[in-house]
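Novice: Next come the chains, spelled out residue by residue.
Protein chains: 2
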Amino acid sequence: MAELTNIRSPRVKAARRLTKRAFRDRDKAFLAEGPQAVREALTIDGVTVELFATADAESRHPDIIGAAAATGVPVHRASGEVMADLTQTITPQGILAVCRFVHVPLGQAVPAGARLVALLAHVRDPGNAGTVLRTADAAGADAVVFTDASVDPYNGKCVRASAGSLFHLPVATGAPVEEAVRQAKEAGLRVLAADGAGTTTLDEVDLSRPTAWLFGNEAWGLPPELLALADEVVRVPIYGRAESLNLATAAAVCLYSSARVQRQTLHSVEDPTTSPR
Amino acid sequence: MAELTNIRSPRVKAARRLTKRAFRDRDKAFLAEGPQAVREALTIDGVTVELFATADAESRHPDIIGAAAATGVPVHRASGEVMADLTQTITPQGILAVCRFVHVPLGQAVPAGARLVALLAHVRDPGNAGTVLRTADAAGADAVVFTDASVDPYNGKCVRASAGSLFHLPVATGAPVEEAVRQAKEAGLRVLAADGAGTTTLDEVDLSRPTAWLFGNEAWGLPPELLALADEVVRVPIYGRAESLNLATAAAVCLYSSARVQRQTLHSVEDPTTSPR
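One line per chain: the protein sequences are A and B, in this order. Per my numbering, the first sequence starts with residue -2, numbered consecutively. Per my numbering, the second sequence starts with residue -2, numbered consecutively.
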């Protein structure tokens, strides 16, 4: 197999431009780096357009190369220099997929019957957004909505921080916050805004009902007009002397608290002899 | 006041060398950047050696300059170039303190009667370690122990991520993991290792007792010989399809779960008419 060694070759340039949002939006495609993300992408029909892999990565990940062959996804062998050019990371993992967009319309991400959803209102740091996506997946959330004021879910850092979760659960992107909140309410979800300004604490709020958590900006939280959209504003209690929690940490505590209470509630409804712990 | 404009001046060089661990250990001092950290440092007697501030930061933070004057801490006005040289951040906040070490001996950080402690076993990323410190503070933990295989708590990125919490609760550093675990057990704490390999989940384990959480490395968790030191190995349940949680997220879920259950337990003991929520 001929190795791509020239960072100016048309194939490499076409992939590299996907590191910029304008080109991602135009091509409706993005880059997913690393064996974990590539493996996940290959499990979904029609998502992976092509792979780039160094010779070393090919020999380290025969399962991925095999899965690509089985689904007819072309694998281009790339030099270390080309890979470094495409991945924008300090220590590239040697394998990268060009993927078609995976997001779904808002109504499909947040349908009637959803029980736990994360709405990102003004989350600007891609690492934070990806971490919240990963945590929402772990907590068994039904979907994550990136509203139009939040970072692009296909940003390379966000994809990396999501650790494959971008491919696991429905993600919607681009809707205004107001529309996302309206959709959540129409789907029967209670909208809880997570904000240090809340008068209700996480220990006090009823978490047994289907819930959409609204998370704001890393530095300044949620502005009053967005807090006003929520059914309730809830703060994570600070038991010590910290001024606040960081966004991804607060989201983890909120999403896991909901998951725990919802599971206890479901459990006690399904099996009345088992008391919730 | 004369402004420091030369990055080669002895005063600036003496401060800058504290960006390196070897010099921090020699001088028993470190740098705390930003108004929040500096404000916290000034609240503790004898911690702050001197401040560096740009003219702009001085006018923006008269409270800090006032507090320094009141406690006899010298303030050196620094040019933007000097500040950028000292802070190593892309957007320096214009104010920086040289502080004396604040850690305490292990036995003082984890005394008999402690109820919630975080032990960092092999946490290597300073941002993660600082975030766990901030979260432990928020969850009302009694102390955080940075063992000898973990990052230096005085690393600039760790201090920044801790958002002032380094000054809020007792921190111990440098003890081997084994010694930290032994101390926790002697202080009457149950040692729970947080690891995806755990057979007990966070929903099942008894969190009402005084607990020391042992957290491992970002990438590879806790090795068998450290898991064996714990009273129990506990995993955060994954309800969705994520492979795992990131370290700071998992720590947040564990520490907040402990805090919630301990508070409910205390509450129900103190007031038997109130049932735990």
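Don't take each hint at face value.
[Stated by the list, open to error] Partner residues are not named here, just some residues of chain B that face chain A (Cβ under 7 Å, in silico): (1) ILE87; (2) ALA109; (3) HIS165; (4) ARG179; (5) ILE235; (6) TYR253.
[As the list claims (entries may be wrong)] As a list, the in silico SDA-like pairs of lysine to any residue whose alpha-carbon atoms are at most 20 Å apart: (7) B/LYS25 x B/HIS100; (8) A/LYS17 x A/GLN85; (9) B/LYS154 x B/LYS182; (10) A/LYS154 x A/ALA109; (11) B/LYS25 x B/ALA216; (12) B/LYS25 x B/GLY43; (13) B/LYS25 x B/PRO7; (14) B/LYS154 x B/GLU0; (15) B/LYS154 x B/ASP82; (16) B/LYS17 x B/GLN85; (17) A/LYS154 x B/THR16; (18) A/LYS154 x A/GLN259; (19) B/LYS154 x A/ALA216; (20) A/LYS154 x B/PRO7; (21) A/LYS25 x A/SER241; (22) A/LYS154 x A/THR88; (23) A/LYS25 x A/ALA109; (24) A/LYS25 x A/PRO7; (25) B/LYS25 x B/GLU78; (26) B/LYS154 x A/ASP149; (27) B/LYS154 x A/ALA109; (28) A/LYS154 x B/LYS154; (29) A/LYS154 x B/LYS25; (30) A/LYS182 x A/ASP122; (31) A/LYS10 x A/ASP122; (32) A/LYS154 x B/ARG36; (33) B/LYS17 x B/SER241; (34) A/LYS182 x A/GLY124; (35) B/LYS182 x B/GLU215; (36) B/LYS154 x A/ASP145; (37) A/LYS154 x B/GLU215; (38) A/LYS25 x A/LYS182; (39) A/LYS154 x A/LYS182; (40) B/LYS154 x A/ILE87.
Derived by calculation from the structure, the hints in this document are not laboratory data. Note that the Cβ used here is the ideal one computed from N, Cα and C, for glycine as well.
Novice: Are the hints correct? Go through all of them and say.
Specialist: Outcome of the hint check:
no. : hint                : result
1   : ILE87               : violated (13 Å)
2   : ALA109              : violated (20 Å)
3   : HIS165              : holds (4 Å)
4   : ARG179              : violated (25 Å)
5   : ILE235              : holds (5 Å)
6   : TYR253              : holds (5 Å)
7   : B/LYS25 x B/HIS100  : holds (10 Å)
8   : A/LYS17 x A/GLN85   : holds (12 Å)
9   : B/LYS154 x B/LYS182 : violated (31 Å)
10  : A/LYS154 x A/ALA109 : violated (32 Å)
11  : B/LYS25 x B/ALA216  : violated (30 Å)
12  : B/LYS25 x B/GLY43   : holds (13 Å)
13  : B/LYS25 x B/PRO7    : holds (18 Å)
14  : B/LYS154 x B/GLU0   : violated (27 Å)
15  : B/LYS154 x B/ASP82  : holds (15 Å)
16  : B/LYS17 x B/GLN85   : holds (12 Å)
17  : A/LYS154 x B/THR16  : violated (27 Å)
18  : A/LYS154 x A/GLN259 : violated (31 Å)
19  : B/LYS154 x A/ALA216 : holds (17 Å)
20  : A/LYS154 x B/PRO7   : violated (40 Å)
21  : A/LYS25 x A/SER241  : violated (38 Å)
22  : A/LYS154 x A/THR88  : holds (13 Å)
23  : A/LYS25 x A/ALA109  : violated (28 Å)
24  : A/LYS25 x A/PRO7    : holds (18 Å)
25  : B/LYS25 x B/GLU78   : violated (26 Å)
26  : B/LYS154 x A/ASP149 : violated (26 Å)
27  : B/LYS154 x A/ALA109 : violated (44 Å)
28  : A/LYS154 x B/LYS154 : holds (19 Å)
29  : A/LYS154 x B/LYS25  : violated (36 Å)
30  : A/LYS182 x A/ASP122 : violated (27 Å)
31  : A/LYS10 x A/ASP122  : violated (26 Å)
32  : A/LYS154 x B/ARG36  : violated (32 Å)
33  : B/LYS17 x B/SER241  : violated (33 Å)
34  : A/LYS182 x A/GLY124 : violated (28 Å)
35  : B/LYS182 x B/GLU215 : violated (25 Å)
36  : B/LYS154 x A/ASP145 : violated (31 Å)
37  : A/LYS154 x B/GLU215 : holds (17 Å)
38  : A/LYS25 x A/LYS182  : violated (29 Å)
39  : A/LYS154 x A/LYS182 : violated (31 Å)
40  : B/LYS154 x A/ILE87  : holds (18 Å)
Of the numbered hints stated above, those contradicted by the structure are hints 1, 2, 4, 9, 10, 11, 14, 17, 18, 20, 21, 23, 25, 26, 27, 29, 30, 31, 32, 33, 34, 35, 36, 38, 39, listed in ascending order.
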